[in-house]
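Please take these sequences and the hints and turn them into a complete structure.
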Amino acid sequence: MGRQLKFNIFRFNPEDPASVPHMDTFVLEETDAMTLFIALNRIREEQDPTLQFDFVCRAGICGSCAMLINGRPDLACHTKTKKLPDEITLMPLPVFKLVGDLSVDTGTWFRGMHQNVESWIHTNKVFDPKAPEEPMTNEMAEEIYELERCIECGCCIAACGKANMVPDKFMGAAAFNRIARFMMDPRDQRTTGEYFEVVGNDEGIFGCLGLLGCEDVCPKKLPLQDQLGMLRRKMGWSAVQHLFSKVFSRK
Amino acid sequence: MQAVAQARQAVRTEAVWDFLQMCTGVALVLFMWMHMILVASVNVDFGGGRVMNAIAYFFEATYMAQLGGPLIFLTMLAHFVLAARKLPFRVAEQKAMWVHTKRFNHLDTWLWIIQAVTAFIILVMGSIHMWTVLTNLPITAARSAARVQTGWWLLFYLVLLPCIELHVGIGAYRIGVKWGWIKRSHRQYFHGLENKLTLVFIAIGLITLITFYFIVKPAV
Numbered sequence: 001m002g003r004q005l006k007f008n009i010f011r012f013n014p015e016d017p018a019s020v021p022h023m024d025t026f027v028l029e030e031t032d033a034m035t036l037f038i039a040l041n042r043i044r045e046e047q048d049p050t051l052q053f054d055f056v057c058r059a060g061i062c063g064s065c066a067m068l069i070n071g072r073p074d075l076a077c078h079t080k081t082k083k084l085p086d087e088i089t090l091m092p093l094p095v096f097k098l099v100g101d102l103s104v105d106t107g108t109w110f111r112g113m114h115q116n117v118e119s120w121i122h123t124n125k126v127f128d129p130k131a132p133e134e135p136m137t138n139e140m141a142e143e144i145y146e147l148e149r150c151i152e153c154g155c156c157i158a159a160c161g162k163a164n165m166v167p168d169k170f171m172g173a174a175a176f177n178r179i180a181r182f183m184m185d186p187r188d189q190r191t192t193g194e195y196f197e198v199v200g201n202d203e204g205i206f207g208c209l210g211l212l213g214c215e216d217v218c219p220k221k222l223p224l225q226d227q228l229g230m231l232r233r234k235m236g237w238s239a240v241q242h243l244f245s246k247v248f249s250r251k
Numbered sequence: 001m002q003a004v005a006q007a008r009q010a011v012r013t014e015a016v017w018d019f020l021q022m023c024t025g026v027a028l029v030l031f032m033w034m035h036m037i038l039v040a041s042v043n044v045d046f047g048g049g050r051v052m053n054a055i056a057y058f059f060e061a062t063y064m065a066q067l068g069g070p071l072i073f074l075t076m077l078a079h080f081v082l083a084a085r086k087l088p089f090r091v092a093e094q095k096a097m098w099v100h101t102k103r104f105n106h107l108d109t110w111l112w113i114i115q116a117v118t119a120f121i122i123l124v125m126g127s128i129h130m131w132t133v134l135t136n137l138p139i140t141a142a143r144s145a146a147r148v149q150t151g152w153w154l155l156f157y158l159v160l161l162p163c164i165e166l167h168v169g170i171g172a173y174r175i176g177v178k179w180g181w182i183k184r185s186h187r188q189y190f191h192g193l194e195n196k197l198t199l200v201f202i203a204i205g206l207i208t209l210i211t212f213y214f215i216v217k218p219a220v
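Residue numbers (my numbering), protein chains in the order written: chain D, 1 to 251; chain S, 1 to 220.
Keep in mind that the hints are not guaranteed to be accurate.
[As the list claims (entries may be wrong)] Simulated crosslink set (DMTMM-like; lysine to aspartate or glutamate; CA at most 20 Å straight-line):
#	chain 1	residue 1	chain 2	residue 2
1	D	Lys169	D	Glu203
2	D	Lys169	D	Glu152
3	D	Lys220	D	Asp168
4	S	Lys183	D	Asp32
5	S	Lys183	D	Asp226
6	D	Lys6	D	Asp24
7	S	Lys102	D	Asp202
8	D	Lys234	S	Glu14
9	D	Lys169	S	Glu14
10	D	Lys221	D	Glu142
11	D	Lys220	D	Glu152
12	S	Lys95	D	Asp168
13	D	Lys6	D	Glu46
14	D	Lys169	D	Asp86
15	S	Lys86	D	Asp168
16	S	Lys86	D	Asp202
Think of the hints as simulated: they come from the structure by calculation, not from any bench.
Right, dumping it as structure tokens:
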């Protein structure tokens, strides 16, 4: 007989005026190779069909099932219950808009982020569909792909002290990773000055407190710490250079 | 080449403030480590005070103490103002940060809370310490011993010492991480180094306080 797992799950339906935020408790017997995906589906099927949570791929690819698992943001589908204690507390990701219970709307946030950082290749070159594609070295393609692996689950944002403190006034690691990806791409012709306009302020990289919650929880193990450091150094140095050029041009 | 992004006015002030926060932080970290070497030199001749007095005399004869002291005070104030821009002063922000820290229970986030709390303690107690020392020049081992052996000063330094060393140790690590000098591959190493350095400096500070309290003969 497996362990009796006690689940404390946040419940609230913002669409229902009568709904009050509270925790519900469910008890479930642990089975072999049980993930939180399996556990939550069993709770919904066997105990409470009104429980709201998101899943699509069940394989750590879609990023839909991110939630706070005993306070730590992670993907429910790749979290095995055997790694967790007998009592498991599940909460929705903070910072994002709550849809209901464990379900949050990360889509609106990420769409806004992409618009804000202008998350596409900026170039003056006119696309010629008949011309052969410009070659890129394999190393460069791999470096770009490394940052492209973000699944937009929102764990980095939920783990960020600054994003929790000022939810609408901080871009967060997902945005910085996205900018770093385009800075690396030789096809993007934006200058450092143009990137600075997007990210060189307290809502951007200079607001980052360096707590590295993002780095420590990213389910895809993206090298976020190194991107944050690179961005701050590059943007900071650009600002100092600009200051010096202003001071010396006055003479 | 024509700009390829939407034209926006770049405001570089916040970047410059952040850069200056780092510069003043580095300056204060280096100062605090040198300061510890000066003060702990009283242990070199087992509380005799000759080594410490010689170093202190050098700093005063060259006017480094008279000019450097107030400059360090101004650097500390500047660092506080620059770093305080990141602190949550609104109650809602404080609550959000506290709830997040407790819920997430993540070491680097807790270290930031320690940094923020010790910043206020250092601002007040560091100012009191600097005022007392710089208005009672010259610095000598006997005068320092007299102060430590009087009233509440021992307790004062027993509070200030760990606050400073924690703030300095965490701050040095955080600067390295934030500005990308400490990479992912070296983070654990530098985290360990920061912990060890902090403990070593607290230990040296405690030994020095014991020397001042029990061994050095105070000035009358």
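Okay, the hints, checked on the actual structure:
no.: 1; hint: D:Lys169 x D:Glu203; in the structure: 5 Å, holds
no.: 2; hint: D:Lys169 x D:Glu152; in the structure: 19 Å, holds
no.: 3; hint: D:Lys220 x D:Asp168; in the structure: 25 Å, violated
no.: 4; hint: S:Lys183 x D:Asp32; in the structure: 38 Å, violated
no.: 5; hint: S:Lys183 x D:Asp226; in the structure: 6 Å, holds
no.: 6; hint: D:Lys6 x D:Asp24; in the structure: 10 Å, holds
no.: 7; hint: S:Lys102 x D:Asp202; in the structure: 25 Å, violated
no.: 8; hint: D:Lys234 x S:Glu14; in the structure: 14 Å, holds
no.: 9; hint: D:Lys169 x S:Glu14; in the structure: 14 Å, holds
no.: 10; hint: D:Lys221 x D:Glu142; in the structure: 15 Å, holds
no.: 11; hint: D:Lys220 x D:Glu152; in the structure: 10 Å, holds
no.: 12; hint: S:Lys95 x D:Asp168; in the structure: 16 Å, holds
no.: 13; hint: D:Lys6 x D:Glu46; in the structure: 15 Å, holds
no.: 14; hint: D:Lys169 x D:Asp86; in the structure: 38 Å, violated
no.: 15; hint: S:Lys86 x D:Asp168; in the structure: 15 Å, holds
no.: 16; hint: S:Lys86 x D:Asp202; in the structure: 9 Å, holds
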